[in-house]
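Residue numbers (this note's numbering), protein chains in the order written: chain X, 1 to 240; chain P, 1 to 354; chain G, 1 to 254; chain W, 1 to 243; chain Y, 1 to 303.
Misleading hints may appear alongside valid ones.
Think about it this way: if two alpha-carbon atoms lie no more than 20 angstroms apart in a straight line, the pair counts; the simulated DMTMM-like pairs of lysine to aspartate or glutamate are [claimed, not checked]:
| no. | chain 1 | residue 1 | chain 2 | residue 2 |
| --- | --- | --- | --- | --- |
| 1 | W | LYS52 | G | GLU76 |
| 2 | W | LYS53 | Y | GLU29 |
| 3 | W | LYS53 | Y | GLU241 |
| 4 | W | LYS59 | X | ASP43 |
| 5 | G | LYS236 | P | ASP318 |
| 6 | W | LYS52 | Y | GLU114 |
| 7 | W | LYS53 | Y | ASP96 |
| 8 | Y | LYS229 | X | ASP45 |
| 9 | W | LYS59 | Y | GLU239 |
| 10 | Y | LYS229 | W | GLU189 |
| 11 | Y | LYS213 | Y | GLU295 |
| 12 | G | LYS110 | P | ASP149 |
| 13 | W | LYS78 | Y | ASP96 |
| 14 | W | LYS52 | Y | GLU245 |
| 15 | W | LYS59 | Y | GLU245 |
Covered by chain Y, per the in silico footprint, the following chain W stretches (three or more residues, Cβ under 8 angstroms) [to be verified]:
| no. | segment |
| --- | --- |
| 16 | 70-78 |
| 17 | 88-96 |
| 18 | 199-209 |
Hint data in this document are derived by calculation from the structure and do not stem from the laboratory. All figures in this text were calculated on a predicted structure; none of them were measured in a lab. The C-beta atom is built at its ideal place from N, Cα and C for all residues, glycine as well.
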Amino acid sequence: MDGKPLTSPASFIDQMVVPGDVVLDLSSMANQTIKLGGGLRQDSDAISVMKAGKLKFSRPNKYWVESSQKRYVPCVEDTVLGVVVDSKADNFLVDIKGPALAFLPVLAFEGGTRRNIPKFEVGSLLYVRVVKASAGMNPELSCTDASGKAAEFGILKDGYMFETSTGVSRMLLSSPTCPVLEALGKKLSFEIAVGLNGRVWVNAGSTSMIILVANAIMSSESLSGTKQKIMVENLLRRFQ
Amino acid sequence: MLSGFNVILSTISFSIETEEAESLKQQVSFTTTTIPTALLFSGIPFEKACQLRVKGEGGLSAATAGTMVGLSLGEKHFIRGGIAQDLRTDGRKRLTYRPISVETGVIPQANGSARVRMGTTDVIASVKAELGKPDLLQSDKGRVIINVDCSPTAAPIFEGRGGEELSTELSVALQRCLLGSKSGTGAGINRSSLMVVEGKLCWDLYIDGLVVSSDGNLLDALGAAIKAALSNTGIPKVHVATAASADEQPEVDISDEEFLQFDTSGIPVIVTLTKVGRHYIVDATSEEESQMSSAISVSVNRNGHICGLTKRGGAGLDPSVILDMISVSKHVSEQLMNKLDSEISAAEADETES
Amino acid sequence: MAGKAASVPSTYSPSPTQKKKPTIFKDVDWVRPDGRGFHQCRPAFLRTSAVNAASGSAYVEFGNTKVIVSVFGPRESKKAMLYSDVGRLNCNVSYTTFATPIRGQGSDHKEFSSMLHKALEGAIILETFPKTTVDVFALVLECGGSDLPVVISCASLALADAGIMMYDLVTAVSVSCLGKNLVIDPISEEESFQDGSLMITCLPSRNEVTQLTLTGEWSTPKIHEAMELCLDACSKLGEIMRSCLKEAVSISKE
Amino acid sequence: MEIDRPDGRTQNQLRPLACSRNILNRAHGSARWSQGDTIVLAAVYGPKAGTKKNENPEKASIEVIWKPKTGQVGKAEKEYELILRRTLQSICVLTINPNTTTSVTLQVVNDDGSLLPCAINAACAALVDAGIPLKHLAVAICCSLTGSGSVVLDPSKLEEQKMEAFMYLVFPNSVHSVLPEGSLHVDGEPMEHGIITSVTHGVMSVDDYLHCLERGHAASARISDFLRRSLQSQALGNPSKAA
Amino acid sequence: MGSSGASGNLEGEMEVDAFRRLFPLRFHERHLLESIRPDARPLERARESTVALGAVASADGSAMAKIGHTTMLAAIKMEVMTPSSESPDEGCVAIDFHMPPICSPFVRPGRPAEVAPVIAKQLSDAITSSGMINLKELSLTTGKAAWMAYLDVYCLDADGALFDAALLSAVAAFSHLQIPAVSINEDGRVVTMSREDGDGKLANDPVIKERRKLTLNCILFSLTCILHKKYILADPTAEEESVMETHVTVVLDSSSRLVSLYKPGGPVLAYASAVQDCIALTRHRVKELQKILNEAISDMEVD
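Okay, chain X solo, but in the shape it has when bound (with noise of 0.2 angstroms):
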């Protein structure tokens, strides 16, 4: 377990696969214990692709498939942003943009009991983290971190939820800081809630600005770097 990518790997690692390629092959190497992201699955003692996109590696052992789609897959500890569809006795129905909707326990927030059980209306937003998701069963969701602590987790009010891609969502959340969101919050200052299911939500101090803000991310996806820069300057040009 040196974490140094074999030489086979190595050659797909950052590259764009599609599915069937095989990845790694596990014969040659043994007493490794790997992790297996999106978009990867095992035929025996071959690893191969299920989507295409590009291949990421982070050390020591973990590899998955990095793609931008409209439609969201729950997987476990993704944060994700969610609209209450219907309020159960015991759990709230959302819906995370998943093939299912997902249970949000009315206990699984900060101190819950059955005492102070939130009212969340119809249509209100969530920040929530999937805590549950396994094949057959709905997701489910909480509104506290791994220690049970509310955190960030919880409802938005007010501001603007669109959707986009979970590439899109990927690139908001990474780090460094993508360039989109370095570039505007150079010269403006907005809230911005980023959920891995393709939904993010803005909020600032005039419409104005939300709507800038929106916008330049909506049309970050598919460009460079540079060119996402180009594109903010000549949106706040216009604004200004």
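Starting from the known structure of chain X, fit chains P, G, W and Y onto it as the hints suggest.
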């Protein structure tokens, strides 16, 4: 297993001759006569064959009316007991009709129409005549198309597609009673009289029945309404231009003033006898229909001949009971025919006056 | 090619030049087209378990009338219907396109389905399969007259084959009135010229009539006679059906 | 033996391919695939919760809706739907999202021969665009046989009508693999030579069929390369073209 | 398949029927290991098949075909049409395939089976593209009248290999077909002639076509196989079809030319060797079916 069949039968004896069983007799009968046939082959325990069979659950009208009426056990007993003692809940005797009222010419656009009320059962029938081309196989006859529609306002169960099944059942029963057999005998409506030019031109009669309000005995009411509507029907006189060649349609001139009165002397009346318990009643209300085991609708013409018969309800009847019911309905039909004739002529007199 | 057929101009069946004369039926002593006596049924062939995919099935042949009935269930009701403590019976009758002399004339028989339902429901012990449905599907392969009675008898045989609990078998027979004569088990040709018809479905061992339909003009004695005729035939048919079932069991036992 | 084709192509030459993805806003995945003048638009919705009755709820289900350019849906369209559904089912990993339904809608924009292969290619690209987990890709090709027994690839509609026989073949894409050469071979044949779907029309000898298979393999490798390049072109929405 | 691990400890105490229902794939794979199938057939053996000609009296040609339990009834009715202007001297064949609700628990009235139109299309493609029927033979008078042969195939019992049975019954029905004797009357309508009045009418009517059989240029037979792992199972039952989903249908004509090779998807890829194996199995099957059909025809002629 099969060779034991007779042996099993001979060893069964039923000992449910207690008073309790006696009191149940009205509603319950035991299936003591035979072993269910499937039993022989499915190997199901014999006890099952001896279970109680509640009569009166079968039958479309019974089932639909039953859900609609929703009677309590006491009410059911009351209705049955009343019928057994020849005193029905509305004071009638078993073979008495509710008051019948007839109104003709209710739809001005139709060639003939009538509305018949029997108690709270309310139906409308209309007759429209259109010129058409006769069928190849029956070139000397016109067509008669009977269709019944159950208005959703008549009963809650008719909402949506609920009335469809009953509508078809009624339409088929009316066709059977009024149109006779394939060769045309026994037809109440003389289809040959609808002929204009043989093989070329004939009148097509569209008879539509509408159930406005449903409180039992729909078939009899519809039959009466159609009879009244037909006697109200005038078919325009048609002048056919001569010298049309063999394969061309003749030119026609339809008169606006001259009408031919439709001959209704052969049209039968329909009498439905509903069997409740061991007795039969005429003109059952929907409450009474919910208690029926089966019913027989007989159409009888002026000569006292049967021109159509339909049995309703799934429960079986003994053949001798059927024959008895036929003779009773024949007897009842005479009174109904006379009553209806006088009502129709009174209604037509009213119409001409106004 | 099949797609093309739709655009093809209408087709017709070439029919014989002259029409048959129906008058022969009215003569005092005429012979039935197939040479039977007036009160003689057509030769019948009955077989159970004709369709392997069904819970129970039967194939019945009366002369040229050939019918196959499959029974499915008791199984889950198709529609999410209200709770019912008795079982449901669902019947459907359909025709093949080649069943009738002229192609595609017998396809829709809505009233046959409801008549079949009414004929059978009195015989089936619906209490034995609450909340579920028994489907009875009939296909008329070829119609040669008296289709409905044959369908009904065949259906009751198929129900017995499926092991559905019944009070009795259901048998059905029809008679046609042609002039002064009553002929039993009429063929299509006789049916098309009949002056009246009467069909009885009954439970032969219980001597109960579950369905009775009558068309045409009848006097009471005539009805009497026709019913006697039908009931007698029904009970004989019942015997034949019974022996067919017994045979099937004894074969499967071997 | 050279055959003159109306558009001047050689026997083995395909028409220009073009593929653009993510062209519909509402659909979760979409693609437009064209081979010459045959153009098909594919849209993928889902996975949505639940499967239809009679479907296995332990697996994901796929439904295909075929929209012809004009006219009503007839038997031919029903057959296309069934072939597409079975073909797509065989390339999808159905166990990942059990009890869900993914619907694929295909809209024929223009039909100039080789319609079904074009639709399969479009559907495959749209599935990738929607991120539906796939075992591998599928590439489809139409091979046709002339009266003299020579094979002509990717026929136009005019050519299809003149041909003695033609067949639609679908193969897996040629994959890049870290495994040693030959480890993915089955019976001594590389995996991409396995037939996913074969639909033939017209009478031919068995040898002709096997000959077509070989030519189909060669052509499918080219389409496979094109599909890979088109998927790799990072700029989504920018149509990629190949001659 | 996912439950195969869980079944390990259960299966020891389970009855065969329960095991078959709960773990159908493992049930069949166990059999395959022994090179036998649940109905005791070797893998490459087709089920017993029968053909009966003339099953429908009211049709001009008819046949009933059985492959195992799968039963098909095909009947041809001849009607007269006006030929299209593009082919004034050709008749037409319209083929349809029906799955009435009696044939399978999965078909309900009013909701036709999904595969029915697809099988109809396949039948019609195979029969028309093979040139089995010479459409010119169906002509009556050029440009005026031609025969339209309506072939309707009904599935009476569905237990796998539906297309094979449907094709067998269709081919048998065509070889049983007798084109009725007709004449054309004064109005230009085509009328049939019954045998007895044929002589008297000879003088009156201009065009008379004798009662005759149709010549078939070739005869088609097919075999459906399942590909599962390395195994090839010929003529699958409905149960086998539902468990193992890769099907290959090969249609050959009497001179062993390939009319159709149909493999709609399926998880198993077919390599050239497997394709050749399937074709070889079909060649063998064609001989069997040819024999069965010939026997049925000669039986018919004796009667």
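Here is how each hint holds up against the structure:
1. Simply put, LYS52/W and GLU76/G have alpha-carbon atoms about 16 angstroms apart, close enough for the 20 angstroms limit, and the pair holds.
2. Of the pairs offered as hints, the one joining LYS53/W and GLU29/Y is violated, with about 27 angstroms between alpha carbons and a cut-off of 20 angstroms exceeded.
3. Straight-line distance between C-alpha atoms of LYS53/W and GLU241/Y comes to about 18 angstroms, which keeps the hinted pair within the 20 angstroms bound.
4. For the proposed pair LYS59/W and ASP43/X, the alpha carbon gap of about 18 angstroms is at most 20 angstroms, so the pair holds.
5. A threshold of 20 angstroms between alpha carbons decides the hint, and for LYS236/G with ASP318/P the separation of about 18 angstroms falls inside it, so the pair holds.
6. Distance hint between LYS52/W and GLU114/Y is fulfilled; the C-alpha atoms sit about 13 angstroms from each other, no more than 20 angstroms.
7. For the given pair, LYS53/W sits about 26 angstroms from ASP96/Y by alpha-carbon distance, which is inconsistent with the 20 angstroms threshold.
8. Note on LYS229/Y and ASP45/X: the hinted pairing holds, with a Cα-Cα distance of about 18 angstroms set against a maximum of 20 angstroms.
9. Our distance criterion of 20 angstroms between C-alpha atoms is met by LYS59/W and GLU239/Y, whose separation comes to about 18 angstroms.
10. Among the hinted pairs, LYS229/Y with GLU189/W is consistent with the structure: their alpha-carbon atoms are about 15 angstroms apart, no more than 20 angstroms.
11. Between LYS213/Y and GLU295/Y, the direct Cα distance comes to roughly 18 angstroms. Compliance with the 20 angstroms bound is thereby established for this hinted pair.
12. The straight-line distance between the Cα atoms of LYS110/G and ASP149/P is roughly 16 angstroms, inside the 20 angstroms bound, and the hint therefore holds.
13. For the hint pairing LYS78/W with ASP96/Y, the CA-to-CA distance comes to about 14 angstroms; that is within 20 angstroms, so the pair holds.
14. Note on LYS52/W and GLU245/Y: the hinted pairing holds, with a Cα-Cα distance of about 18 angstroms set against a maximum of 20 angstroms.
15. The straight-line distance between the Cα atoms of LYS59/W and GLU245/Y is roughly 14 angstroms, inside the 20 angstroms bound, and the hint therefore holds.
16. Judged by the Cβ-Cβ criterion of 8 angstroms, the segment 70-78 of chain W is covered by chain Y as claimed, because 4 of its residues qualify and three suffice.
17. Under a criterion of three residues with beta carbons nearer than 8 angstroms to beta carbons of chain Y, the stated coverage of the segment 88-96 of chain W is upheld, 4 such residues being counted.
18. Counting residues of the segment 199-209 of chain W whose beta-carbon sits less than 8 angstroms from any beta-carbon of chain Y gives 10, enough to reach three: the coverage restraint holds.
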